[in-house]
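The listed protein sequences derive, respectively, from chains A and B. To convert a position in the first sequence, counted from 1, into the working numbering, add 115. To convert a position in the second sequence, counted from 1, into the working numbering, add 15.
Think of the hints as simulated: they come from the structure by calculation, not from any bench. Being a predicted model, the structure only gives us computed values, none of them experimental. Hints are not guaranteed to be accurate.
Covered by chain A, per the in silico footprint, the following chain B stretches (three or more residues, Cβ under 8 Å) [stated by the list, open to error]: (1) 51–65; (2) 99–105.
Okay, the calculated beta carbon distance ranges per label pair [stated by the list, open to error]: (3) A/Pro254 x B/Ala153: 42 to 48 Å; (4) A/Phe454 x B/Asn56: 57 to 63 Å; (5) A/Ser222 x B/Thr19: 48 to 54 Å; (6) B/Ala150 x A/Glu128: 37 to 43 Å.
Quick reminder that beta carbons are idealized off the backbone N, C-alpha and C, glycines included.
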Amino acid sequence: MYVAVKGGERAIENAHRLLAHERRGDRDVPEVSLSQISEQLSLGVDRVMTEGSLYDRELAALAIKQARGDMIEAIFLVRAFRATLPRFGATEPVDTGAMRVRRRISSTFKDVPGGQILGPTFDYTHRLLDPQLAEGFSPEAPALGEASTAATPRVTDILGRDGLIEPSPVADAGTPVGDLTREPLSFPADRDLRLQNLARADEGFLLALGYSSQRGYGRNHPFAGEIRFGEVEVEFVAEDAGFAVPLGAIAMTECQMVNQFKGSATEAPCFTRGYGLAFGQSERKTMSMALVDRSLHARDLGEEVTAPAQDEEFVMSHSDNVQATGFVEHLKLPHYVDFQSELGLLRKLRKEFSEATEAPPMQEAAE
Amino acid sequence: MAVTESSKQAQRKAVMAVLAHSEPSEISDHLNTIALPAHENLREPENGLVMVRGRIGGDGAAFNLGEATVSRAAVRLSTGEVGFGYTLGRDGEKARMIALCDAMVQSQEFAGLVEAKVIAPLRAAISAKRNRKAAEAAATRVDFYTLVRGEG
Numbered sequence: 116m117y118v119a120v121k122g123g124e125r126a127i128e129n130a131h132r133l134l135a136h137e138r139r140g141d142r143d144v145p146e147v148s149l150s151q152i153s154e155q156l157s158l159g160v161d162r163v164m165t166e167g168s169l170y171d172r173e174l175a176a177l178a179i180k181q182a183r184g185d186m187i188e189a190i191f192l193v194r195a196f197r198a199t200l201p202r203f204g205a206t207e208p209v210d211t212g213a214m215r216v217r218r219r220i221s222s223t224f225k226d227v228p229g230g231q232i233l234g235p236t237f238d239y240t241h242r243l244l245d246p247q248l249a250e251g252f253s254p255e256a257p258a259l260g261e262a263s264t265a266a267t268p269r270v271t272d273i274l275g276r277d278g279l280i281e282p283s284p285v286a287d288a289g290t291p292v293g294d295l296t297r298e299p300l301s302f303p304a305d306r307d308l309r310l311q312n313l314a315r316a317d318e319g320f321l322l323a324l325g326y327s328s329q330r331g332y333g334r335n336h337p338f339a340g341e342i343r344f345g346e347v348e349v350e351f352v353a354e355d356a357g358f359a360v361p362l363g364a365i366a367m368t369e370c371q372m373v374n375q376f377k378g379s380a381t382e383a384p385c386f387t388r389g390y391g392l393a394f395g396q397s398e399r400k401t402m403s404m405a406l407v408d409r410s411l412h413a414r415d416l417g418e419e420v421t422a423p424a425q426d427e428e429f430v431m432s433h434s435d436n437v438q439a440t441g442f443v444e445h446l447k448l449p450h451y452v453d454f455q456s457e458l459g460l461l462r463k464l465r466k467e468f469s470e471a472t473e474a475p476p477m478q479e480a481a482e
Numbered sequence: 016m017a018v019t020e021s022s023k024q025a026q027r028k029a030v031m032a033v034l035a036h037s038e039p040s041e042i043s044d045h046l047n048t049i050a051l052p053a054h055e056n057l058r059e060p061e062n063g064l065v066m067v068r069g070r071i072g073g074d075g076a077a078f079n080l081g082e083a084t085v086s087r088a089a090v091r092l093s094t095g096e097v098g099f100g101y102t103l104g105r106d107g108e109k110a111r112m113i114a115l116c117d118a119m120v121q122s123q124e125f126a127g128l129v130e131a132k133v134i135a136p137l138r139a140a141i142s143a144k145r146n147r148k149a150a151e152a153a154a155t156r157v158d159f160y161t162l163v164r165g166e167g
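Using the sequences provided together with the hints, build the complete structure.
Printed below as a string of structure tokens:
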């Protein structure tokens, strides 16, 4: 419990003033602009959009600036902002198969139809700090190649044609799509709610859980069937217009994990799968998400649930970094009365202890 | 009749798509080149959110991925045509310009003009940008080759 304590108003006001001053930093250094953040710290913006659960580059850049680069604080700001706008409805589900691909790799098929397209990636860089960048550096224009008109089908669709992988769950027209921003979570949770939760989840938390599953805590033998990043078209059925109107395009990353087999006496064995989808170029996030999605699939597949990554209540209740930081950081708020009562109780217990043992009272620790 | 209705709708959607992908300043630059018909705002530009949906596994049942900011507006020409504007982002003026173009596309008198003076140049710009991006990505395509061993 924490109680209202009067008297801090002036201190709080001045603390916020000092925060604004520190945020600006040395005033001889030019102020960073939102477009600089959006263009040059773009993966940070992507993370804030994904975990803030709001696709708006400019707002995410503003949040990063306001939060002084503290990503979880920025995500918190974006979440709070989305509560200020009305929701017009839900889009038509995006078609990632029709993505204008900027990067697309498969670790399962060398000659995947549509080809392996590396795109803008940190992969194969040497991870050596580049002193050139410290100086103000103008990179070469990108190389241009002959663009192919060939389709880039999802690897899982190719496997699915031969029945080699479990099919995705089919939409049931009678069941509304679960939305954890509207109804509180309850368990067991369906796959739609699990994926929504994972999409908003803290990247570090999912990374650690995904890693734990690879190390043996609920092992499920993954291959990165495909990772793709690019733009997808978004349409929204506007009631006033009377048809699905195009809203523009959103950059997204999708990861399809292909995992070891499942079969039964009546069904031929096939690969199982985990799915990851996020705003922007969020590769580590979607890979981790797909690993954890597959781990959480354990119950549906009749696998024994033994590891943290397979425990949906554990994962989904602790994945949200805004909730988590709220509860952890609330410990900073005054708990004076609570603490006084604990202190009183402890003194009483110690007195009883020393009386019972009839030993000389121990020296009190400094408080 | 149904066919013309759906082809008209497809045309309106195609125009909306071009405009939604364009920068507001580019749209207004092109709109400034034509004499606009008299019109009024039927719905003042308004910002809101849409819940963006994906599909489980890419091809399965829908799930809620996260929201996006959207702006919308509606415009009526003095001749009665009503246009709707929707776009990602929070630029209400962009939504209003899209609504105005959508209304003009439905007008016998203005459809050709909007196509020629606004949509066609914007479409060409989008196409050029997409081709450049596609060419950049294509240059990073991996061409595997196998080293042949043995007596050649």
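Hint check:
Coverage of the stretch 51–65 of chain B by chain A holds [criterion: at least 3 residues with CB-CB distance below 8 Å; count 5]. With a cut-off of 8 Å between beta carbons, the stretch 99–105 of chain B has 6 residues touching chain A; three or more are needed, and the interface restraint holds. Under the hint 42 to 48 Å, the C-beta atoms of A/Pro254 and B/Ala153, about 19 Å apart, miss the expected range. A/Phe454 and B/Asn56 have their C-beta atoms about 59 Å apart, which keeps the hinted 57 to 63 Å range intact.
At about 50 Å, the CB distance of A/Ser222 to B/Thr19 agrees with the hint of 48 to 54 Å. A hinted range of 37 to 43 Å is violated for the C-beta pair B/Ala150 and A/Glu128, which are about 55 Å apart.
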